[in-house]
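> My request is simple: use the sequences and hints to build the entire structure.
The residues making up each chain are set out below.
Protein chains: 2
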Amino acid sequence: MRGAVLHAPGDVRVEDRDDPVIVEPTDAVIRVAAACVCGSDLWPYRGVEPVNGPAPMGHEYVGLVEEVGGEVRTLRPGQFVVGSFFASDNTCEICRAGYQSRCVRAVPIGAIGTQAQYARIPLADGTLVATPAMPDADLIPSLLAASDVLGTGWFAAVAAEAGPGKTVAVVGDGAVGLLGVLAARQLGAGRIVVFSRHADRQRLAAEYGATDIVTERGDEGVARLKELTGGLGAHSVIEAVGTQESMMQAIRATRPGGHVGYVGVAHGVQLPGMELFFSGVHLHGGPAPVRRFLPELIELIWNRTIDPGKVFDLTLPLEQAAEGYRAMDERRAVKTLLTP
Amino acid sequence: MRGAVLHAPGDVRVEDRDDPVIVEPTDAVIRVAAACVCGSDLWPYRGVEPVNGPAPMGHEYVGLVEEVGGEVRTLRPGQFVVGSFFASDNTCEICRAGYQSRCVRAVPIGAIGTQAQYARIPLADGTLVATPAMPDADLIPSLLAASDVLGTGWFAAVAAEAGPGKTVAVVGDGAVGLLGVLAARQLGAGRIVVFSRHADRQRLAAEYGATDIVTERGDEGVARLKELTGGLGAHSVIEAVGTQESMMQAIRATRPGGHVGYVGVAHGVQLPGMELFFSGVHLHGGPAPVRRFLPELIELIWNRTIDPGKVFDLTLPLEQAAEGYRAMDERRAVKTLLTP
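Chains A and B supply the protein sequences, listed in that same order.
Okay, so the first sequence: first residue is 0 according to numbering that gives the first Met the number 0, each after it adds one.
Okay, so the second sequence: first residue is 0 according to numbering that gives the first Met the number 0, each after it adds one.
A hint or two may mislead.
No copy labels: a pair is met if it fits in one copy or bridges any two.
In silico SDA-like links for lysine to any residue, alpha-carbon gap of 25 Å or less [unchecked claim]: (1) Lys-309 - Arg-190; (2) Lys-225 - Asp-88; (3) Lys-225 - Ala-198; (4) Lys-225 - Val-103; (5) Lys-225 - Gly-97.
If you're looking for bench data, these hints aren't it; they were derived computationally from the structure.
Just so you know, these numbers come straight off a predicted model, no measurement behind them.
This is how it looks when you write it as structure tokens:
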């Protein structure tokens, strides 16, 4: 089969890879219908994370079940499925508490690489959720979004306790931040403030429910947000970047007793204990337990209540994955969908 | 009047200070019935925090209302009151959300100094809670504990979401940690693990409801805790020290999706963003909003349901405050009560 492989920073190639096969009886093999490039894929692409030899890429995916192992009970070949970016058994104590991304048997799908024609998905019963039927083609981008970027934005909004009566602020106007806006609106937040300097992203944010845009960043952005919130800051802040500046902006934008939901993979971040202590905020985040939310998200997409697929503003054949990475790296695209 | 003043690290003197008077119409002046030395007083005493000129000391107190300002509505002279260590109006949006220690008009009582015969308490209506009647003498240590050390341990347990079905771990066997044990038990936790190496503190922890003692510290302590919890870690961890080691021990002792309630004033702490991200824990803490809990805590003490005053293992006249500090600094005492 064909699949994207990162050889070195900036060097993504689509090349022949071994066809995946069932290894464990709990595996499924899927034919990937759509995959995409994640903001987190840009960390190794940019050399911020080390690249250790040729690495298969991709952890977001929807597709058709091709084959299942002997112990798979809930799936059968031919079903259309959405999966999360960590395989999970969905039965252990951590999964049952809603933290499937930290399942005791968790397997990162990123090590498998779904920017490919086929993928082996471990722990298929606990990881994959079948759609009610074969989806219309126009639903596929939204279902694909559910597998990470929507699920991650949703988790951030839940972690930030977005809800009725809350003012929510969103740090980061990438795909995750934009879908954090969508999630906050769905969860009932009335006022949603987005930090953004890009007209196209501001438009999509507004479409997803943002009520205010702040173009200032860092402490200036915080000052502007405080003006908008009676000097107090937001009740709920979504952090969707993962840098020192964005984390501090999120913490400082939150009122005492408020909640920061952070999902940007924290690179080189050190949180100063004394400032955090006196901030009085709640801090929660990490790799989103997407599996917790998948059934609900699939239903919202299936009913056409939400349209998260709009974050894909570039669609390319898998063979052109390298251009998909470049476009995101150069900020010409918010998010690239790849069709195998 | 007489009051304790810190002149330099290690140099606490009881000396003549001006008698406090009503300054704002929302003030009360109280005659201090009992005060005490806080673990946080040891930071400047040890020179870890700078001492800027002679500083009145103390922020924990119970006493009798002597005089009230013209706008004080809920208190009258002669009442016995318990106060919190931040004055708060208890009416602003932040107070109503339960974060009185971050009230928009908050005044730190530490700047006033309650290790003294009298003290001016700002925002008296929002800060002080009167007891149902004059307390029996044996209740005074427990009521005094409510003003900070119990309120702080209680907040830590609430922030850690201690409750029925939860395994709670407590990092720090000082007075706050011990009262975190008491709080966790009152909140319904079944299993409570305390990290402690001191026999006397272990005994009090057991009396307050601890079920397990771990004598190892740091990563060894975490490993031992994981053995006790099926490899997962505790649901709820109380951090009551405030050092880099204790914060990391608390985070690492918490299972993914679990809660860390941290109340040790974080000195020199830097939390590594990447580790925090992948820990998947909830982090909440800061200066405890003691006022939120005071009515409930006073009732539990008044009914003799709880006996937090046992954490005072040294009682001295105010004039011997210096010895009270020394005893705590040298770990000869858990906590010193001072009688003016």
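> All hints, please: hold or fail.
Against the structure, the hints come out as follows:
1. Lys-309 - Arg-190: For Lys-309 and Arg-190, only the intra-copy Cα distance (22 Å) is at most 25 Å; the inter-copy one is 48 Å.
2. Lys-225 - Asp-88: Answer is between: at 21 Å across copies they meet the 25 Å cutoff, but 43 Å inside does not.
3. Lys-225 - Ala-198: Answer is within; shortest intra-copy Cα gap is 23 Å, inter-copy 50 Å.
4. Lys-225 - Val-103: between (41 Å within a copy, 13 Å between copies)
5. Lys-225 - Gly-97: between (33 Å within a copy, 20 Å between copies)
Checked against the numbered hints listed earlier, the structure breaks none of them; every hint is satisfied.
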